[in-house]
Amino acid sequence: KTSTRTRCAFEVAARDQGAGVTYLEPSASQIRHKESIKDTARVLGRMYDGIEYRGFGQDVVEELAKYAGVPVFNGLTNEFHPTQMLADALTMREHSGKPLNQTAFAYVGDARYNMANSLLVLGAKLGMDVRIGAPKTLWPSENIVARARAVAEETGGKILLTENAEEAVKGVDFIHTDVWVSMGEPKEAWQERIDLLKDYRVTPELMAVSGNPQVKFMHCLPAFHNRETKVGEWIYETFGLNGVEVTEEVFESSASIVFDQA
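This note's numbering puts the sequence shown at residues 31 to 292.
By construction, these hints were calculated from the structure, which means they are not laboratory data.
Errors might be hidden in some of the hints.
[Stated by the list, open to error] Calculated lysine-lysine pairs in the DSSO-like style (CA-CA distance at most 27 angstroms, straight line):
1) K217 x K155
2) K31 x K64
3) K188 x K128
4) K260 x K31
5) K96 x K188
6) K260 x K217
7) K31 x K217
8) K128 x K166
9) K166 x K188
10) K128 x K96
11) K188 x K155
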């Protein structure tokens, strides 16, 4: 998958530690074209001390890790975004003023993919109060929820899944969201997703429902919060929405900590 923050973060971090970096574009390598993931892993593992993979299938990064013989870092798949969780946990700790196991956060929106899955697991592992607000058809898989609940039982965490966005955000310290149509999905998905998620848009009103004057807004970015991109303008012209998952008022407010998070 294409990347701005993830690629830059890995490259800057590696160079800060004195490591060399090679970037392989999907179109500039033979991965899954003339060479299998297994063979690619064994070749790269002999040349490099570590591999970061960002792509679609979780199975790919797991196969790389199985055969590379060196550490493999998941920079994002459809299912999980673990390195983003390091940033999110740090950001929530910096802005909460209290231990993470005394912190509550909500994720509202499409909860089937990498960010909601990863936040659910993160919160469970750290003993946090986790709320997922989404239509039931867009909840995380039962398998992931069950695993998270099992972990939360050991750590003292709490997990709530609800179709009511207001119930999800009451009393939280942080409200997270993500794009409603993920990278690689067709344009045709927008209408269905907007119809399903219009009540889960992060607005000043939803922020206020938290009842917490210090509540913060988080988003892993990029966000559709105005018309200042080609996609944002297309969404406005097609659906009449100026900002999709979050309004400009929230995104640019003092409650927004998205750039600390990024």
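query = For which of the previously enumerated hints does the structure constitute a violation, in increasing order of number?
reply = 1, 5, 8 and 10
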